[in-house]
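Asker: The primary structure of each chain is shown beneath.
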Amino acid sequence: MDSSSDEALDIIITNVVATFRTRCHLNLRTIALEGTNVIYKPEVGKVLMKLRKPTITASIWSSGKIICTGATSEDDAKLGARRLARCLQKLGFKVKFSAFRVVNVLAVCSMPFAIHLIDFTKNNRPIASYEPELHPAVTYRIKNLKATFQVFSTGSLTVTGPNVQAVATAVEQVYPLLFEVRKPLCK
Amino acid sequence: MSSRVCQTCGGSDIDVDQARGSAVCTGCGSVLEDNIIVSEVQFVEGSGGVSSTVGQFVSADGPAKAPLLGSGFHVSVGKESRAQTLQSGKRQIQQLGSQLQLNQHCLDTAFNFFKLVVSKHLTRGRKMEHVIAACLYLVCRTEGTPHMLLDLSDLLQVNVYILGKTFLLLARELCINAPAIDPCLYIPRFAHMLEFGVKTHEVSMTALRLVQRMKRDWMHMGRRPSGLCGAALLVAARMHKFRRSVKDVIGVVKVCQTTLRKRLTEFEDTPTSQLTIDEFMRVDLEQECDPPSFTAGQHKAKMQQLEQELARKLDEVEGEISCYKDEIESELEKSRPKLSGIYAAYSKEISQSTPAPEDEDVLSTTSEPEEMDSEDADLQAATQHLTQDFLCQVIQEEEGHGKKTDEGFCEQEAEPETEGPRAFLPPLSVILGKLPSAASLGLQTFSESEASTKPSDEPPESGELNLEGIDDQEIEKYILNDKEVRVKTELWMKQNEEYLKEQKEKEDRINKEKEEGTYKEKKKKYKKREQIEASTVGEAIEKMLERKKISSKINYDVLKDLNGSTGGSSPLTPDLPSGTPTQKRLSRRRRKTSETKPDFSTSTIIMRKRFRCLISATPKKKALPQAEHATLPAAEAKEPEAELSPDAIPDLGSASTVAPPPIEEEEDEVEEECVSALQLVGDYGCEEEEVF
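First to last, the protein sequences are chains A and B. With the first letter of the first sequence counted as 1, position 36 gets the number 36 in UniProt numbering; the numbers rise by one all the way through. With the first letter of the second sequence counted as 1, position 678 gets the number 678 in UniProt numbering; the numbers rise by one all the way through.
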């Protein structure tokens, strides 16, 4: 996909957040008392349930809305969500699996060169924002893809976007901009 | 004015005489205008021949002082608020700015930013302090003054990141691209604070050079500029034989010790640090370094690689050592002295158990027995075999050295068996990797992984749960059995007693109220606006006011007096015969305000304010008169509407999403009402301005 570089850039997805609905009311107390690996938070009104495989942490609300975080791929997220629904089914609730949607994907990527942040900001005002007093990285937002980048001077970046495809496209888009402000490493 | 046409003759040549204040047509001589209001500056000669201007300068920011006579207070209820905001903002800016020692030009610029911010409604929901601070910092950045966000946060005692957030938002909204911070800007300021006396300038120069060198070595990327400055100043001071300690510098520069030391270390790593002072002042090295965090990352990667290699090499060495150990053991066996008494019994026991496959039992009973209830025998045998070898050899190597001479060898053998797995896990885990951890910790996980299936394909989109690829057995493990449930319930109940008590009390309270009939169900607030349903006019007003927030800038007392002085229910019972239509209009007004779109904002603002005045002024009023009037509605309403519609339709062309006819009628009412309200109330002079 990276036509502008010789070697492929490794985009590693570190977190996928997804939500789905069970379309039925859930009794949090039952889940809290009869499930393993659950944490009940009555002040907020939700139950945290952790699955081991795939490693997923789910926030379960009594309305039937569930948010799953911690998966490393979209498929994993879906599998984990289904596992979770199956678990709830076994606890006795009439769950249905509906409205599954991946909400956020976080990925990290490392460029083989260092980046001159000040020049990068100058070239890309006002989309890029750099405040060294507050945060060591430049924040670059792509509006139409709804993706946000954090670019560090060492060449590593973190990307967040609505899905994996958007993230990949966003990295491709930003690569040439980074390439022109690179600093060739001497070692 | 200049292109006016004379009504009499049609000529366009009109002579305007400013002195007389008249406009006369030169064609026919007819006077078009008399008493023109003159807006020129006039001069008057005062005593002693001094000429001065007539009149006052009025500030463009609105009536700041001395409201006009009589009707003055209500000059513009809306504008007054804005003017007040700007005034207080200006005051705060002056205050804060003088503490920072900013010059007047900067303060004026900051005030201009503030005006922009207020006009864009960005002050809503934010503390005034934060907004002011952000405006000031914006000015500092654009002017390039050596003020840090930290200084502002120190003065205000606010978290610097909160100020930063506000600052970033304002910069984005106002489209102001502040140039990046240059550490060189701060050097003179900090040098001055460090009191170098006469040599301040020289030290500054040296420090500047150092900072520039650091910039070229990529040390400033992503770091706070004050840290760099601190390091540079420290070195420069030492170079010029000033004794400034780290503590002095960090007090001035506002970073912590660790940061300063880190910067110094990083600078030390660059080749420039190897130069002598004179060389540094003269020569500039060409080579640039990599950013320090990058080198640190690479260093870490290298260390990891080295560790892996070491681990591999250790394995090989292990193999060699084990051979030697075997030989030595056999030799020692032969030459061991015969023991009597207790030790004999021990040695017999152990020598019996060591070679047998029940070794695992010994291990398991001494170490973690509970994990040994797994089903997989093969794994166990393998682990047992491995532990047998490695345990004996490696542990003996570590712990046996000191003990060899003291106690008997039989005891040594006993110890590794017993203590081996436990004390042993940390060092082994590094060398051997996963095997001992699997043996001692969770063989369950092994069995689980074997039993599980691979992830499935994408199931079709439906409400039903696709059970492909989900292993029920595994899921069962996530659910506790009855006994466990009971235990957990007990624990949980104990833990959350307080909360449960609260919940119970709440329920009791609700039940009691239900019985008494005073229970008010609290509906959840939805973002979509609901229609106000009220049986009486008064109710409707109340409900609407509940929803819309009443402004804090209206002085209700005065309004109360106003309404009170003109007698009880003055606005509602006007002199005009259109009393009842007014009532109906009121009711319709209310409906309108609840449905209205922002297009009619000005008129609704008027309405809203009037309502508030009315409501606040007339709490004691009974709903009865209003109710009566409100019931008049439909029939009589039609008549005035009919007359109004032809007039008003051309005025208000825009229609909202509601059906045009009703809206137009309502709009007409609005316009109509504005005029009549003026007559009614008399002193709402402001409405004139607002309507237009």
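Keep in mind that the hints were calculated from the coordinates and are not lab data. Warning: the hint list may mix true and false statements.
Said to hold, decoys possible - The following residues of chain B were derived to be distant from chain A, with all beta-carbon distances above 12 Å: (1) M148; (2) L163; (3) L168; (4) E202; (5) H220; (6) P225; (7) K247; (8) Q298; (9) E327; (10) L480; (11) E490; (12) Y499; (13) E502; (14) Q503; (15) E505; (16) K512.
What the hints assert, rightly or not - Listed below are the simulated DSSO-like cross-link pairs for lysine-lysine, each with C-alpha atoms no more than 30 Å apart in a straight line: (17) B:K488 with A:K41; (18) A:K50 with A:K90; (19) A:K122 with B:K254; (20) A:K41 with B:K254; (21) A:K46 with B:K313; (22) B:K501 with A:K122; (23) B:K483 with A:K183; (24) B:K300 with B:K313.
Note that CB positions come from ideal geometry on N, CA and C, so glycine has one too.
Asker: Looking back at the numbered hints, which does the structure fail to meet, lowest number first?
Answerer: Structure breaks hints 1, 2, 3, 5, 6, 8, 10, 11, 12, 13, 14, 20, 21, 22, 23.
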